[in-house]
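A.B. asks: Protein sequence lines, in the order shown, are assigned to chains A and B.
Going left to right, the first sequence walks through residues -15 to 128 as the numbering used here numbers them.
Going left to right, the second sequence walks through residues 933 to 1490 as the numbering used here numbers them.
No lab work stands behind these hints, which were simulated from the structure alone.
The reader is advised that the hints may include incorrect statements.
As the list claims (entries may be wrong) - Only pairs whose alpha carbons sit at most 25 Å apart, straight line, appear in this in silico BS3-like list of lysine-lysine:
| # | chain 1 | residue 1 | chain 2 | residue 2 |
| --- | --- | --- | --- | --- |
| 1 | B | K952 | A | K1 |
| 2 | B | K937 | B | K955 |
| 3 | B | K1444 | A | K123 |
Said to hold, decoys possible - Covered stretches of chain A, going by a simulated chain B footprint (3 or more residues, C-beta under 8 Å):
| # | region |
| --- | --- |
| 4 | 15 to 22 |
| 5 | 42 to 55 |
| 6 | 84 to 97 |
Note that the Cβ used here is the ideal one computed from N, Cα and C, for glycine as well.
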Amino acid sequence: MYLESILLCRRCKVPKKIRVLAAKPGLDGHDRGIKVICCALRDAGMEVIYTGLRQTPEQIVQAAIQEDVDVIGMSVLSGAHDYLFPRVMELLKGAGATDIIVIGGGIIPEEDIKSLRDVGIRAVFGPGTPTTDIVRFIKETVSR
Amino acid sequence: MYDSKKLKKIEKSSVAWAEKTQKVLDKRPERKQSFQTLSGIPVERVYDPLSVHECEYVKDLGFPGSYPYTRGVQPTMYRGRFWTMRQYAGFASAEESNKRYKYLLEQGQTGLSVAFDLPTQIGYDSDHPMARGEVGKVGVAIDTLGDMEALFDGIPLDKVSTSMTINAPAAILLAMYVQTADKQGVGCKKLKGTIQNDILKEYAARGTYIFPPAPSMRLITDIFAFCSQYIPSWNTISISGYHIREAGSTAVQELAFTLANGIAYVEAALQAGLKVDDFAPRLSFFFNAHLDFFEEIAKFRAARRLWAKIMKERFGAKSPKSLMLRFHTQTAGCTLTAQQPQNNVIRVTLQALSAVLGGTQSLHTNSMDEAFSLPSEDAVQIAVRTQQVIAYESGVANTADPLGGSFYVEHLTSEIEERAQTYIDQIDEMGGAAAAIEQGYVQKEIQESAYAYQKAVEAGEQILVGLNKFQDEEVPPRNLLRVDTAVMESQVAGLKQLKAKRDNVAVATAIKKLKKSARGNDNLMPPFMEAVKCYATLGEICDTLRDVFGEYTAVSTV
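Put together the whole structure using the sequences plus the hints.
C.D. replies: If you want it as structure tokens, here you go:
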């Protein structure tokens, strides 16, 4: 009885938790920002899976599909975003997983943001962004 | 520092003052209910002799250049010579970075500090699949001795001191540096500089590890042993709190975790059979200069006193040089804001001043545009000028430890030392720094502080001017430095050419020898020297070690 009601709850009443893959592509070891964001997203009620350092774009896309996430959040502070972010988007497209919302952050010059958006990165959050902005963006974009 | 009679008198007038102050407070309350440092140490309304009554001058402070070195490691401090002004730099190719070094030396910089790109730091050649997108980005790409020769072309290595931020493959890059000097006709004994070589903080905070802890510690003690014999003026390690702080720790944690790592290196070297006074004089440290001005100054002073005690009491070191904590400082990159970036010049000035008042041996001042990209030449120039203004104009360098005896600074120094010691005791109980890191303890402590700080900023409890108060409309900055992706292509092409040209039989023999030594217990520096000399690549050498040592997998703490 008890188990049934939980399942029922899960099926129709309680909305599904937003699932986020927090990823560190490339060789960059700066993980303060992404770890802080992991904590903030969890405190906002999301399920967060953190990949750890040194992930290839292939590993990130595979993990995202396996974990059935709604969002991928990538952080790069080494300047390698110009190769790594578009590569992730290319692989997602190849895997037919373009419904996953992809956002990025790190040390990313303003002039790079347009080309990242052109390949489908939905938003880029720079230094100083309050975590509440990121929470709000994810909630609004996923529910749309 | 006061006798009991005088203290009584002070206590009496302190009580009277408190009563008077209460009346003022009733009319005009203070800005906040309570005040504290960034590390959470309570800050009182005022400090007086009662706050430091336990401090004994000779025992706890002493004179500059004498135990416990609270007031500095040299008797004359900056009256003799200013600190070394050393800007961390390097990007793109060796040729490009060589130009920047020459520019910095022309600007009056007195030492070099090499930034390597991430593939180099993690032991991958520029043509490795994991290197895609990273070649030349955060530092210079070095694949072989040829790149190292180009990096220092025209820079006399007997005249400059060079600091290299390299950790997991530090021994190999040091071997390349020695060979480069040799080609310039400069012998080992004349070389001055530092390799970071601090793997424990890589596992805990910075991320450029390759091998597991045990073989990594062996590489480090091999370097200690080799340098004490052949490169006596080389700083064999720079035990770094900088990155621990950047990852989000407090000042107290920065100090505690750094010294705990230092203890682990000393223990490893003793276990490898080295004598403490043979290697300890060449240990050096690297700290962060953060926002809380007095707390930072107190941290530097506490670091010296605590390390001197540890070396003397715990390890029985006799040589004064073994007891002295010498350190490099860099201003806090994590405090630079992308909002109103010119404010960063002011932040850097205050942070640099705290490092100087704290008695640093060398200093890197961050550039105002580093929240956007690697610094542009203009921004670097202001950063260097900041140090020069402090040195030549402000007068703060004219006496040793000018804040010594300040009731507040002395109180904070003792408080930080005590709190750091509590952490060190706890880490000892866990089995030492390596064990504490492998259990994820250090990482978790840092993470929790980072999140708490972020929450304080977002709640407006920690004000950052231009970020969460006094905001303005922003114009994105221009003239940012960009690393051309062509760097990777030319680096890869150069590598291919070199592999065709070099004596590949000699390379194979050197690699075979290295593998044999790695499997045994021989000091690995000689086989590294031989391998780099015949232009074996960094990747080939590191892959050989990966085969023997395996690779480190990080513990997840999120």
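A.B. asks: If a hint holds in the structure, say so; if it does not, say that too.
C.D. replies: Evaluation of the provided hints:
{"no.": "1", "hint": "K952/B - K1/A", "verdict": "58 Å, violated"}
{"no.": "2", "hint": "K937/B - K955/B", "verdict": "29 Å, violated"}
{"no.": "3", "hint": "K1444/B - K123/A", "verdict": "57 Å, violated"}
{"no.": "4", "hint": "15 to 22", "verdict": "holds (count 5)"}
{"no.": "5", "hint": "42 to 55", "verdict": "violated (count 0)"}
{"no.": "6", "hint": "84 to 97", "verdict": "holds (count 4)"}
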